[in-house]
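**Q** Here the protein sequences line up with chains A and B, keeping their order.
Numbering of the first sequence is given in the working numbering, commencing with residue 1 and proceeding in unit increments.
Numbering of the second sequence is given in the working numbering, commencing with residue 1001 and proceeding in unit increments.
The reader is advised that the hints may include incorrect statements.
Claimed, not checked - Each pair of labels, with its calculated beta carbon distance range: (1) A:T370 <-> B:L1019: 56 to 64 Å; (2) A:E21 <-> B:A1242: 53 to 61 Å; (3) A:E120 <-> B:R1291: 35 to 43 Å; (4) A:S138 <-> B:E1305: 44 to 52 Å.
Claimed, not checked - In silico DSS-like pairs for lysine-lysine, Cα to Cα no more than 30 Å straight-line: (5) A:K303 <-> B:K1216; (6) B:K1056 <-> A:K212; (7) A:K449 <-> B:K1056; (8) A:K7 <-> B:K1344; (9) B:K1303 <-> A:K216; (10) A:K218 <-> B:K1303; (11) A:K218 <-> B:K1404; (12) B:K1024 <-> B:K1344; (13) B:K1449 <-> A:K62; (14) B:K1056 <-> A:K303; (15) A:K449 <-> B:K1216; (16) A:K212 <-> B:K1360; (17) A:K303 <-> B:K1218; (18) A:K212 <-> B:K1218; (19) B:K1344 <-> A:K360; (20) A:K216 <-> B:K1344; (21) B:K1007 <-> A:K449.
No lab work stands behind these hints, which were simulated from the structure alone.
Keep in mind that this is a model prediction, so the values were computed, not measured.
Quick reminder that beta carbons are idealized off the backbone N, C-alpha and C, glycines included.
Number of protein chains: 2
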Amino acid sequence: MTDFISKLQAIVGERGLILDEPGKHPYLTDWRENYLGAALAVVRPATTEEVAAVVKLCIAEKVAIVPQGGNTGMMGGGTPHPQGREIVLSLNRMNRIVEVDTIGYTMTVEAGVVLKIIQETAAQHDRLFPLSLAAEGSCTIGGNLSTNAGGVQVLHYGNARQLVLGLEVVTPQGEVWNGLRALKKDNTGYDLRDLYLGAEGTLGIITKAVLKLWPKPKDIATSWIAVPSPEAAVALLSGAHAASEDNVTSCELMARQGVDLVLQHIPGSADPLSERHDWYVLLEWSSTRPRRAGANETGLLEKMEAYLGEAMEQGLVLDAALAQNEAQAKAFWALRENHSESQKREGPSIKHDISVSVSKIPAFMSEGLTAMKKVLPECRPVPFGHVGDGNLHFNCQAPAGWDKPRFMAHAHDISTAVYDIVVRYGGSISAEHGIGQMKVEELAHYRSKIELDTMRAIKRALDPQNLMNPGKILDLSV
Amino acid sequence: MTDFISKLQAIVGERGLILDEPGKHPYLTDWRENYLGAALAVVRPATTEEVAAVVKLCIAEKVAIVPQGGNTGMMGGGTPHPQGREIVLSLNRMNRIVEVDTIGYTMTVEAGVVLKIIQETAAQHDRLFPLSLAAEGSCTIGGNLSTNAGGVQVLHYGNARQLVLGLEVVTPQGEVWNGLRALKKDNTGYDLRDLYLGAEGTLGIITKAVLKLWPKPKDIATSWIAVPSPEAAVALLSGAHAASEDNVTSCELMARQGVDLVLQHIPGSADPLSERHDWYVLLEWSSTRPRRAGANETGLLEKMEAYLGEAMEQGLVLDAALAQNEAQAKAFWALRENHSESQKREGPSIKHDISVSVSKIPAFMSEGLTAMKKVLPECRPVPFGHVGDGNLHFNCQAPAGWDKPRFMAHAHDISTAVYDIVVRYGGSISAEHGIGQMKVEELAHYRSKIELDTMRAIKRALDPQNLMNPGKILDLSV
C-alpha cells in the first residue's frame, strides 16, 4: 500500500476504498462501454467533510479526481482516463435524504441519492419531483445536476437546472461552499450555483442540493398515438396546450425503427395498436386538480379523448390507445424508456443528442435522415425525442450484423453530417447529455474562440492545478 | 478635446458622445440620489460593434467602463465613482426590437429597449413578457438582465434569469460573444449566460437578448384585500393556489404606512375600502383561457369572489374590493407601484431588499419591526413586498421632519439589526436589487470566504484589468 493510499484510507476508512481490480471495474467503464479507464483507487466518502479531506489530500499529492454518481452518463464524463493516475471519487455512499419541507416545497438531499428514491420520497409526501428519465433507477441526483439532466418532463417543469434552489459544493481547493439556500430570490453576486450545475465535475464536486418540489398530480392522462409524420406531432402538441389548459407534461416522438427494437429485445413489450405505423407520440397530461364526480366535470382523460378525436378528423392522428389504468400507462412509457437499452442490445450505435427550436423539428428530421443515409446507405436511423423542447436523440444503429470497429469507422462522417445541419439550424450539438470526453473536439470545433477562451479562463481560475475531472468538456492544452 | 475623447468620437460619432456637465449629469447620479459620480464622458454606442470598439479603446487606454441602462437601479450599480476616471457607457441608443417569433414564443431585443416597450410589443402579438416592476416605464431590459430583476410576477413566471434563452455580450476583451440561442435545451459546457445575468456589468456588457414569451392572459381577476396580519396574507396565498387552479400571478403585501404615503403624495390615489386597516394584499389571478359565456362556466373573478368569501368566514380577510374593470385594476396596482416614488417624496429612507422562505415571512416581519424600533424608536417602518417569493422591501422612513444626514447616522445600525435577523432566518440580504456599490461591504461581511474568493477568482479571470464596472459587487483590493 502506497503512502497516498494509506492516507486515503485514513480519511474514508476501509469501507470507503476499493483497490482490487474486479471491485474497481464497474467504476472504470461507462454504461455504453465506449471507454475503459484505470484509477489508483475508487474512493467512496461518506460525508462532505470526507470529500473535502480527500480533495485536500489530492491537491497535496497532485492526483486528479474523477467525480462519479450513478455512472449512467452517455458521454464518458465519469470515466477516468486509461493512464491510471486519477482516482474515481464516487458519491454513492452519500445517499441520505436530509430533509423534506412539505410547506416550503423543498427537499434537501445528498448527492448520491438515486433519482427514483427522490421521486418516491416526494410522492410519499404528496409532492412531485419532476425530473424523470430512463436511467432513474440507477442515476444519482449529483450526476443529474452535474450534467443538467433533461428527461421527459422538461417542457412543463424545465431542466435539472430549474429544479434546484441551492447547492453544497466541495471546491477544487477542498473548501466546502455552503450554498444550500432555499430562497426563490437571491441577487447577491455571481450565480455560482448555475456555474456548478452542468459543469460535469470539472469545477468542483456537488455534495448536497436543495431541490424544488411541486404539488403531486391528481389526474393523469396518457396515450400512445400513431401520427403520419413529425409535422403532425408538432401540430398535435401545439394544439394540446390549449386543449389541456396548459397541462401537457410530456410529448415524446418515436420512429417505428426504435419501437421495433424495443418489441424485439425487451421481454413483455407489446404494440398497443393493431397496425404498424411510421411515427408514434407518447402524450401525457397531468393536473393537480383531482378528478371529481359530477355531470359538469370532465377529467383529463375525457378531454384528451375528445382532443384526439378532433385531431384524427384533421388527419393529425392515425390511431390512438388511451391508458385506462396506471399499468397501461407504464407499459406505454416502457416502450419509450427502453429505447436506449434495446439499442444497446441490438449492437453498436452512434448517438446524437441534439436540439433545434420546436418548429424546426420536421425540417431538421427530414434533412438529417437524408444526410445519414447519404454517408452510409445501410445504416439504420433510430430518431426519437422530446417534441416539446426541441431535443431529439438522433441516433444511428449499425447495419445489421456489423461489428463495432467496422461501424465506428463511419462514425465521424455521420456525426459531422448531422452536426453541420444542427449548427445551420441554430441548434445545439449536446442538448441534455453534456460533453464528457466524447464531444470535447466537437465543442471546440463548433463554438467560437471567445466562448472557449472564456470557459477555459473560468476553469483555470477555479481549478488552477486542473485536478477536477481533467480533459472533460475542455482541452486545456490549447 | 483629449486624444482619448477624439478616438471615442471616431467610434460613436458626435451623437454618441456627451461631454458637457449638464448633459452628463443625469447619467452621473442614481434615481435615489444617493450617489453623485463623475465621468470622462458619457458614451452612447448605437451598435454592438461600436460597444466592442469602445471597450477595445478603453483597454488600450486603461479607462474603466460603467455600463448603464435606464439608470433606475437602487444600489448605485450604474453610477460611476466620483474620481471621474471612468466613462459611462449607456445602452439607451440600442433600443431596437430585432425580431418577434410568435410561433417560437421568443423576442430578440437590443439591451436598451425600455421594459414597457417590450411588454407592449409582446401584447401586440398576443403574447406576454411577464417581467413587471415599478420602474418599467424607464428601466431597460439590459439593466433588468444585468441585475436579474424580480418584480411582481416572479411567483408564477420566475426572475429575469428565467425569462431569457440567449444573450449577446461584449466581453472585457472587447470581443462579441454570440450566445443568442433560442434553445430550451443546450448542455454544451459552462453556463455563461447565467454568469452574465445578474453580474451587474462587472463581467461584460449585455448588448442583446433572446427573451421568452408566454401566451397572453385572456382572463384576469384583481382584488384589493384588507387582511388582519402577515400570517393571514401567507395563509390566503397558500389556499389561493388550489382555488385559482394554479393561476396566482401576483400576491403583494403592504402595510398601512406605505399606503398612507401613496395616498398623501400621489395625486388621484384613493383608498378602495371605506375603513382603515393595518395590512393589505393585492391579489391577481390570470389565465390564458378566455372567459366563456354559459351557465356551467365561471370566470376567474367569480372564483376569486367565492374564495375571498370563504376566506372572510375563516377570518383571513377583513374586507375586499374586486376590480370590475381594467381601470380599477390599474388603480389598485398604482397603490402598490407608487410605494417607492412616495417614499422618495416623503423624505429620506433606508431600503432593505431581503428574502426569506415564504413560511417564515410572518415571524421575520414581527422580529424585524421590533428590531428597527429598538434601534431608533421614532423611525417609521414601511414594509411591503412579494409574498409569493418571500421577498420583502423591509424599508424604513426617517422620522417626520428629519433630514438625510441626521437619519443616515442611524442607517448602519438599523441595517445591521435587520440583516442579522435575515441571516439567522437563512435569508438573502439582496433579493432582487443586487449589490451595486451600496452593499459591497455587507456582501463581504455576510458571505463565506470561499464564496467571495470564488467570485473574485471569476472576476479576475474574465476581467484581468478590472475595467468593467470596478468596485461594484466585489472589492478586489482585499
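**Q** For every hint, state whether the structure bears it out.
**A** Do the hints match the structure? See the list:
Here the CB-CB span from T370 (chain A) to L1019 (chain B) is close to 59 Å, well matched to the stated 56 to 64 Å. Between E21 (chain A) and A1242 (chain B) the CB atoms are about 57 Å apart, so this pair conforms to the stated range of 53 to 61 Å. Between E120 (chain A) and R1291 (chain B) the C-beta distance comes to about 40 Å, which sits within the given range of 35 to 43 Å. At roughly 51 Å, the beta-carbon separation of S138 (chain A) and E1305 (chain B) lies within the given 44 to 52 Å, and the hint holds.
Taking the CA atoms of K303 (chain A) and K1216 (chain B), the gap is near 23 Å; set against the 30 Å cutoff, the hint holds. Between K1056 (chain B) and K212 (chain A) the alpha-carbon distance is near 43 Å, which puts this suggested pair outside the 30 Å criterion. Distance check on the hinted pair: K449 (chain A) and K1056 (chain B) sit about 17 Å apart at the alpha-carbon level, within 30 Å; holds. Taken as a hint, the K7 (chain A) and K1344 (chain B) pair is broken in the structure, with Cα atoms around 62 Å apart against an allowance of 30 Å.
At roughly 23 Å between alpha-carbon atoms, K1303 (chain B) and K216 (chain A) fall within 30 Å of each other, so this suggested pair holds. Taking the CA atoms of K218 (chain A) and K1303 (chain B), the gap is near 21 Å; set against the 30 Å cutoff, the hint holds. Distance check on the hinted pair: K218 (chain A) and K1404 (chain B) sit about 56 Å apart at the alpha-carbon level, beyond 30 Å; violated. Among the hinted pairs, K1024 (chain B) with K1344 (chain B) is consistent with the structure: their alpha-carbon atoms are about 23 Å apart, no more than 30 Å.
A distance of roughly 24 Å separates the Cα atoms of K1449 (chain B) and K62 (chain A); the hinted pair therefore holds under the 30 Å criterion. Restraint check for K1056 (chain B) and K303 (chain A): the C-alpha separation of about 59 Å exceeds 30 Å, so the hint is violated. At roughly 39 Å between alpha-carbon atoms, K449 (chain A) and K1216 (chain B) are farther apart than 30 Å, so this suggested pair is violated. The suggested pairing of K212 (chain A) with K1360 (chain B) holds, with an alpha-carbon distance near 17 Å, which does not exceed 30 Å.
With a CA separation close to 21 Å, the supplied pair K303 (chain A) and K1218 (chain B) stays within the 30 Å bound. Restraint check: the Cα-Cα separation between K212 (chain A) and K1218 (chain B) comes to about 29 Å, which is no more than 30 Å; the hinted pair holds. Between K1344 (chain B) and K360 (chain A) the CA atoms are separated by roughly 50 Å; this puts the pair beyond 30 Å, and the hint is violated. Restraint check for K216 (chain A) and K1344 (chain B): the C-alpha separation of about 45 Å exceeds 30 Å, so the hint is violated.
In summary, the hint linking K1007 (chain B) to K449 (chain A) is supported, as the alpha carbons are separated by about 27 Å, within the 30 Å threshold.
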